[in-house]
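J.: Chain by chain, the residues run as shown.
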Amino acid sequence: MKRKHSFNFICGCALLLLTILLIAGGLFLSPYGADEMDVASKNLAPSFKHLFGTDHYGRDVYTRVAHGALTTMLIGVMTVAIGGVFGTLVGALAGYIGGTFDAVIMRINDCLLAFPSILLALVFVGVLGPSEKNVVIALGILFVPSIARVVRSDVRTQLQSDYVVNAKLLGVSNARILFVHILPNIRATLLVTMAVGFNNAVLAESGMSYLGLGVQPPKASIGRMLSEGQSYLRSAPWTVLFPGLILVLAVLGVSLLSDAYSGNQGDTGSPARIRARISRKLAAAGYGTECESCEVAAADGIASADADGTTEDGNPENVAGATKETTVNSAEDIPDSAILCVRNLAVAFEKANGSLQTVVKDVNFTLHAGERLGIVGESGSGKSMTALSVMGLLPDTAGVTGRILLRTDAGLVDVLQCSKKELAVLRGDAMAMVFQEPMTSLNPTMPIGRQMREMLTHNEVHLPKEEQDKKLADALLEVELTETERILRSVPKELSGGQRQRVMIAIAMLLRPRLLILDEPTTALDAETRDGILELLDELQKKHGMAVLFISHELAVVRRICQHVLVMDDGHIVEEGTVREIFEDPKAAETKQLLRSLEGTDFTEKMHWAQDAPTILSVKHLHVYYGKRRGRNPLNYDNKVLENFEMELKEGEVLGIIGRSGSGKSTLARCLAGLIPRQAGTIETDARIGMVFQDPYGSLNRAKTVQWLLEEPLRVRQKKERREAIRSLRKNGLTGEQRRTRKNEIVAMYRKAAEERRHEAQEMLTAVGLGKEYAERKITELSGGQRQRVAIGMAILGKPDILILDEPVSALDATVQEQVLALLADFHDRFNLTYLFITHDEAVMKRMAHRVIYLKGKQDLSPDKTNKNG
Amino acid sequence: MKWIRKGAAVLIAVLALSFVTFLAFQVLPGDPAMMKLGTNATPEALEALREEMGLNDPMIVRYGRWLGGVLKGDFGESLHYKMPVSELLWQVLPNTLLLAGMSILMILVIAFPLGLLYARFPGSAVDRTGAVVNQTMMAVPAFFLGLVISVVLGLWLKVFMPGAFVSYDEGLGACLAYLIFPALAIAIPKAAMTVRFLRSALLTERSKDYVRTARSKGLTEGKVLMLHMLPNALPGVRTFIGVIVSEIIAGSIVVEQVFGVNGLGRLLVRSISNRDYNVVQAIVLYIGIVVLLVNSSAETE
Chain A
1 MKRKHSFNFI CGCALLLLTI LLIAGGLFLS PYGADEMDVA SKNLAPSFKH
51 LFGTDHYGRD VYTRVAHGAL TTMLIGVMTV AIGGVFGTLV GALAGYIGGT
101 FDAVIMRIND CLLAFPSILL ALVFVGVLGP SEKNVVIALG ILFVPSIARV
151 VRSDVRTQLQ SDYVVNAKLL GVSNARILFV HILPNIRATL LVTMAVGFNN
201 AVLAESGMSY LGLGVQPPKA SIGRMLSEGQ SYLRSAPWTV LFPGLILVLA
251 VLGVSLLSDA YSGNQGDTGS PARIRARISR KLAAAGYGTE CESCEVAAAD
301 GIASADADGT TEDGNPENVA GATKETTVNS AEDIPDSAIL CVRNLAVAFE
351 KANGSLQTVV KDVNFTLHAG ERLGIVGESG SGKSMTALSV MGLLPDTAGV
401 TGRILLRTDA GLVDVLQCSK KELAVLRGDA MAMVFQEPMT SLNPTMPIGR
451 QMREMLTHNE VHLPKEEQDK KLADALLEVE LTETERILRS VPKELSGGQR
501 QRVMIAIAML LRPRLLILDE PTTALDAETR DGILELLDEL QKKHGMAVLF
551 ISHELAVVRR ICQHVLVMDD GHIVEEGTVR EIFEDPKAAE TKQLLRSLEG
601 TDFTEKMHWA QDAPTILSVK HLHVYYGKRR GRNPLNYDNK VLENFEMELK
651 EGEVLGIIGR SGSGKSTLAR CLAGLIPRQA GTIETDARIG MVFQDPYGSL
701 NRAKTVQWLL EEPLRVRQKK ERREAIRSLR KNGLTGEQRR TRKNEIVAMY
751 RKAAEERRHE AQEMLTAVGL GKEYAERKIT ELSGGQRQRV AIGMAILGKP
801 DILILDEPVS ALDATVQEQV LALLADFHDR FNLTYLFITH DEAVMKRMAH
851 RVIYLKGKQD LSPDKTNKNG
Chain B
1 MKWIRKGAAV LIAVLALSFV TFLAFQVLPG DPAMMKLGTN ATPEALEALR
51 EEMGLNDPMI VRYGRWLGGV LKGDFGESLH YKMPVSELLW QVLPNTLLLA
101 GMSILMILVI AFPLGLLYAR FPGSAVDRTG AVVNQTMMAV PAFFLGLVIS
151 VVLGLWLKVF MPGAFVSYDE GLGACLAYLI FPALAIAIPK AAMTVRFLRS
201 ALLTERSKDY VRTARSKGLT EGKVLMLHML PNALPGVRTF IGVIVSEIIA
251 GSIVVEQVFG VNGLGRLLVR SISNRDYNVV QAIVLYIGIV VLLVNSSAET
301 E
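If you read the protein sequences in the order shown, they are chains A and B.
Residues 1 to 870 in our numbering are what the first sequence lists, from first letter to last.
Residues 1 to 301 in our numbering are what the second sequence lists, from first letter to last.
Quick caveat, the hints were computed from the structure, so don't treat them as lab data.
Glycine is no exception: its CB is placed at the ideal position from the N, C-alpha and C atoms.
Possibly wrong hints are sitting among the right ones.
Pairs of lysine-lysine, DSS-like flavour, derived with a Cα cap of 27 Å [said to hold, decoys possible]:
#, chain 1, residue 1, chain 2, residue 2
1, A, Lys470, B, Lys223
2, A, Lys465, B, Lys223
3, B, Lys6, A, Lys493
4, A, Lys846, A, Lys650
5, A, Lys493, B, Lys208
Each pair of labels, with its calculated beta carbon distance range [claimed, not checked]:
#, chain 1, residue 1, chain 2, residue 2, range
6, B, Asp209, A, Arg280, 26 to 32 Å
7, A, Arg486, B, Asp209, 20 to 26 Å
8, A, Ser496, B, Ile4, 28 to 34 Å
9, A, Leu159, B, Gly7, 27 to 33 Å
10, B, Leu37, A, Ser235, 43 to 49 Å
11, B, Asp209, A, Ala284, 30 to 36 Å
12, B, Phe112, A, Phe28, 47 to 53 Å
13, B, Ala16, A, Gly662, 38 to 44 Å
14, A, Arg277, B, Glu221, 16 to 22 Å
15, A, His56, B, Glu221, 54 to 60 Å
Taking the hints into account, I'd like the entire structure generated from these sequences.
T.: What follows is the structure, encoded as C-alpha cells:
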C-alpha cells in the first residue's frame, strides 16, 4: 500500500522498536546478570549505574526487566502461534462445512469462550503444576476458541458473497475455495484478532506470574517482579514501576499497529476545519467567484424556457418572474418569486494526495415558487451533491463555495453562511428532502409515528398531542396510506418499499415546505411502485404548489414530473431548458448521449439464432421454496418462490426473464446453475452453465488481481485435465514405453500450463476491451463497468454453453450499460453462447431478448412477450 | 415464548457446564481418600473410605450425587480449611460482588459521557486527545494500575491504606470505601475499551442514511446523536458490556490479590496452591454460571 503512514502506524512502530531496543540493551549491553545479587547495593534508586535502580537483593532492575520482558513476549508469540494455527483451522472448517458439525464445534467453543481465559488457565496450571510450558499450552489452547469464532463468522460471511458462488460455478474444489479464495479475504480480521490475542496473552501471563502460578523463580518475569516489588512499594517503587511500564509500552505498540492495519484511525482533524480548508482551496482555485457570462447564460435559459409557455401547468407568477429576470449579479436583483437561487456553487473533496476533486463546478440556477425543476445526469455528475448542498447536508469531508439563497419567512438566507443551528431551523419547514433509499433513510428501530412526530416537535410546532396525532394520520392519508394506526406503530422493515417511500414523502410534506427536494425518489423502486409514487408527487405538487427540485438519472421520470431540466455532466450544467427543448432539440453532446442511451440500440438482430435450433435446457414443474416446511407435505412451505415453473431454452437464443424484485428471478438463476436445491421438478440439460452477477464488486474476489481472476477458470480446467491424465496412467496395462511417453506428456502439461494461462487470460482481457495494463490491478481499482467486463471474461473462460446473466447491467450508468450490452451482444456469436437474461428493466430487456418470460412472483407465469411502456 | 426458549437454552447450558466442571475435576491426578488420610494410610482403610465417600460408584451416579448436593448448596468440604465449601464461599462472595458491581458502575459512569462526547465532535482536539489517553489506558494491565494506585493514592497521597481491607461483615461503609480503589484499577482499562467501542459504534451509525434524514427534519446535531444514533448503537454496546463483565470477574482475581481484598479470586488462588479442589470446583462452577447468565441476558438477537 503506497499511502501516507498513519499516526497510529508511526507511533506503534516507534513504541515496539523502543521495547525491542530496551530488551536488546538489557540482554547484550548490561554489565549485570539477571540474577546477579549484590546485597551491598540493594534498593538503590535509578542512577546512571543502575538505570532502573536495584531491587531488594541488589539485582539490577533494568537487566531483569529485559530478561523478563523477553520471556513474556516469547510466551505471547507462542500462544498466538498455537491459537492462530488451530483456531484458523477449526474456525475455517466449521464455517465452511456448516450444519451439525459447525453447530457442535461452535457450541463447545461458546462454552469455552464463556469462561474468562485467565480463570481456566489458572486452574489448568494449578493442576498440571506452574511452569512456563504449561502457561503457554494453557493460554494457547484457550486462545483457539476466540480465533475460531472470528474466522468462522468471517468464512460464513464470505460464503454468502457472489465470488464464492462464482468459484463454485467454475468448478473450483472446496479446499481451494476455502484456502485460496476465502482466507486471503479475512487476513485483516485474522491479524487484528491475533494482535488482540497477543496482548491478552501477555497480560494473562504476567497476571499468572504475579500470582505465583506462571513463570517460576529464579527466572525473571514481569509478573514475578511486580509481586516481589510489592512488598517494597514504599522504599523502592521503581522495582514495580519499570517492569509495568515496559509491559504497557509493548501492549500499546501492538494495539496501535493493529489499529493502523485495520484502518481504524480518526486523526483527520475536525469536520468543520476540514471543510474550511477544502473550501479555501476551492476558492483559491477560482471557484465560487462571480462569473458574468454564465450568469447571463443561466438567466437566458430560464427566461426563454418560460416565455415558451409550454409547461403543463405554467404558474403565471413563475412566468412573470422569469421575464423580469435579466441578469443576476447580487442578492438584491433576485425576483420575489424565486424560492431558491444557486450561484457559482462548487463542491470538492480532497484526494489522498491533497489535490482537489471538484464534483460540482460553477452551478447556477433559479427555482421559482411552484416550479418543478429536474436535474439529470449520470452518477458522479454532481447532481446529488448539488441537492445536498442546498439542504446543508454535504458529507463532512466536502468543501463548498458559492451562494445558495433560500427564501424564508424572514427573507433571503444564504444557506452556506448558516450555522448548524440556523440550518436545523431551516430544515423541515422551509425546505425538506426525500431520499433515494427509503429503507435505510428511515431509522430502523424507531416507530414510523415517532419519526413523523419529530418533524413537529423539533420545529417549533406547538400542538397538543391529539392534534399532532390527527395531523400525522392526515399526512398518511394524503399519501394514500389508509391503515394509519398500523403504519404509525410499525418500524420501517414492516412496510413495503413503496409504503416506506410514501412515508418519507409524508414526513417531508408535513410542514408544507416551500421547497421540496427529491433525490432519486423512485430509483430503488420497481416499475409499478414507481408509477404510483410519481402520480402521487404530481398530485401533491398541484395541490400545495411547493417548488420541487427533482434529482434523477432517469430521463423518463424527469419528463413526467418536471417543467424545466438541467443536464449535468462532470460537475457542470451542460444544458438547460424546458422539457420539450431538452427532449426534442438537445444541443449538448452529453444530453444527446443521455437520450441515446435512453432509447438504446436494439441488439436482438445482432445475436443470431435459428427458430428450429435444438433445445439445450428444459425445465418442467419446477418448485423452489424457502423457509420452513409446514406439516408433512413436501410442497407446503412458508415462502413459495417458484411454483410449477416451466421453460425451454433453445441453442443460441437470448431468453429474457423479467419480473419485479422478489419475483424469484435470482432464485431461478441459482437453481438452474445448481447452486440451490429444488423441491420438485426436472431440469434437463447437458450444457455447461456460467453466470454473471449483478454486482461485479461482490462476484469478483477483491484480494486478487485481474490476471489471477481470469486465469482461475483455466487453472481449474488444467488441474482437472492433469488429474485425468495421471489417473489414466495408473490403470490399464500400459507398456513401459507408453508409460514413459505419458509421463513426459504430463510433465509437459505442467510446464506449458502457466504460459498457456497467461496467454489466454491476456487475450480475454483484450477481448473484453481492457488493455494489458489492467492485468495486475485489483478489482478495487476498477470502475463498475470495467469490473463487469472482467466478470464476463471470467465467466466465458469457464467455457459455458449457457450464460446466465443476472441483472448484469442494473448497477451501471446508462452509457456504461450500453457498452456492456454491446460487449455481450458481440460475444454471443463469437463464443456460440446461449443467454438467459434476467432483469427488472423492461427497456434493457426489449433491446436484448429474443423471447421474454414474465415472472409474476410467488405465482405461475405467463410466457408472453411483454410490451408495456418503455 | 421467546423467553421460555431462551430460559431453556440457558438451563441446558448450565447443566452442561456443571457436567464439564465435574468431569474436569474427576480426571485430576490425586486420590481424595489419600489426601484425607495421608500417604501412610493402610490400603484397607483407604478402600473403606473410598467406599464410604462413594468414590467407587459409576461416574454418572457420582455426578448425580454431586449435582444434588450443589442444588442444595452443598459443594462438599474444603480439605484445607476443614469446613464446608459453601460456608467459605459465603464469607468472601459478597466482597467480590461488591467489587464487581462497583467496577461496572464506574465503567458506565466513565464510558457513556466520554463516548458520547467524542462521537459528538469526532476529529476535534478533544476527541484526538481522548483517543491517545484511551489507547494508553487500554494497554495498562489492571493489576499494574492497582500497584500504581496503591503507591500514588495510598502511600504518597495517603487517601487510603493499601492492604487494610475491611470485609463487608465487619463494616459495610469501610468496605465500600476501600473497594473504590481496586474497583478503579479494574474499571479504568475496561472503561477505556468501552469508550472506544461506543464511539466507533456511534460513528458507524453517523454515516447511515437515516441520520441524514433526521438532520433533514431539522433536528440539531445533539438531538440526532441522542435520539437516533444512540438507540441504534445500544444493542451492540450492550453485548460488549456483557463481555466486559466476564472480563471484570477475571480481572478481579488478580486485583484482589494486589489490594488484599478477601474475595473469591484470592480464595481461588489460595485453593489452587493448596490443591483444595472442592473449593476450586465450586468457584469455577459459580463463575461459569454468572458469566453464562450475564452473556445470555446481554445477547441481542
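J.: All the hints need checking, so say for each whether the structure fits it.
T.: Taking the hints in turn, this is what the structure says about them:
Distance check on the hinted pair: Lys470(A) and Lys223(B) sit about 25 Å apart at the alpha-carbon level, within 27 Å; holds. Distance hint between Lys465(A) and Lys223(B) is fulfilled; the C-alpha atoms sit about 20 Å from each other, no more than 27 Å. For the suggested pair Lys6(B) and Lys493(A), the alpha carbons sit about 24 Å apart, so the restraint of at most 27 Å is met. This hinted pair checks out: Lys846(A) and Lys650(A) have alpha carbons roughly 18 Å apart, not beyond 27 Å.
Restraint check for Lys493(A) and Lys208(B): the C-alpha separation of about 16 Å stays at or below 27 Å, so the hint holds. At about 29 Å, the CB distance of Asp209(B) to Arg280(A) agrees with the hint of 26 to 32 Å. Taken as a hint, the range 20 to 26 Å holds for the pair Arg486(A) and Asp209(B), whose Cβ atoms sit roughly 24 Å apart. Hint check: Ser496(A) to Ile4(B), Cβ distance near 32 Å, so the stated range 28 to 34 Å holds.
For the pair Leu159(A) and Gly7(B), the supplied restraint of 27 to 33 Å holds, since their beta-carbon distance comes to about 32 Å. Remark: the range hint 43 to 49 Å for Leu37(B) to Ser235(A) is upheld by a beta-carbon distance near 46 Å. Checked against the hint of 30 to 36 Å, the pair Asp209(B) and Ala284(A) passes, with Cβ atoms roughly 33 Å apart. At roughly 48 Å, the beta carbons of Phe112(B) and Phe28(A) sit within the given window of 47 to 53 Å.
For the hinted restraint 38 to 44 Å between Ala16(B) and Gly662(A), the CB-CB distance of approximately 41 Å keeps it satisfied. Checked against the given bound of 16 to 22 Å, the beta carbons of Arg277(A) and Glu221(B), roughly 20 Å apart, stay inside it. Against the hinted window of 54 to 60 Å, the Cβ-Cβ separation of His56(A) and Glu221(B) comes to about 57 Å, which satisfies the hint.
Going through the hint list in order, the structure satisfies each hint without exception.
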